[in-house]
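**Student:** Sequence:
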Amino acid sequence: MTESLSKHERNLSALIHGSTLSRFFIPFGQFLLPLVLWLSNRNQSAFVDYNGKQALNFQISMFLYGLLVGMISIPFFLGALPGLFDRGVFHWADAHNFESFHLNFGPDLFDFPFFWWPLGIGGLLGVALFVVNIVYTILATIRTNEGSHFKYPLTIKFIK
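Under my numbering, the sequence shown has 101 at position 101, and the numbering climbs by one with no breaks.
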């Protein structure tokens, strides 16, 4: 397979996958940079077209999964807020006296586990999505530069 692909096609495809890491420097860079690279070069090579679609579909899917995890966690977080300020972790005995501010990390902190465990699971899922995104982006960049067709897992096909 690598014999039929030019070095330019492999490098451009690897650049499309690697450009999704621009999200650390540019807001929504995981979509914008690969989209520009893919749209400007998709008609030149089927390999570049395939990899551009794969990279964009994976980034859109990861964004939606992260959004879903966040949306599920928000009601639990908002439900836990009153317990934090009303004799929870933060407590003011007298609003006019700043010496009466107390932080309570005792056993009362875990009285409402119904609100805490979904936040923990949501946080772990968010970290897991982040790690999966980084690992598979790097793996796709390496494999594409070698000339193989890489297929991301957990991808919804938005662009066909």
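These aren't lab readings, by the way, just hints derived from the structure by calculation. Treat the numbers as computed from the prediction; the structure is a model and nothing was measured. Hints may be right or wrong, so weigh each one.
As the list claims (entries may be wrong) - The list that follows gives simulated cross-link-like pairs (lysine-lysine, DSSO-like), each with its CA atoms no further than 30 Å apart:
1. K7 x K160
2. K53 x K7
3. K157 x K7
4. K53 x K151
Unchecked claim - Simulated restraints on C-beta separations:
5. S4 x F63: 29 to 39 Å
6. G126 x N11: 28 to 38 Å
7. K151 x N11: 18 to 28 Å
The beta-carbon is built from N, C-alpha and C at its ideal position, and this holds for glycine as well.
**Student:** Each hint needs a verdict: does it hold in this structure or not?
**Tutor:** Hint-by-hint comparison with the structure:
1. K7 x K160: holds (25 Å)
2. K53 x K7: holds (20 Å)
3. K157 x K7: Holds. K157 to K7 sits at ~27 Å (cutoff 30 Å).
4. K53 x K151: Satisfied, since the Cα-Cα distance of roughly 10 Å is no more than 30 Å.
5. S4 x F63: 29 to 39 Å: Holds, since S4 and F63 (Cβ atoms, about 33 Å apart) stay within the stated range.
6. G126 x N11: 28 to 38 Å: For G126 and N11 the Cβ distance comes to about 33 Å; the hint holds.
7. K151 x N11: 18 to 28 Å: holds (20 Å)
Violated hints are absent here; each numbered hint is respected by the structure.
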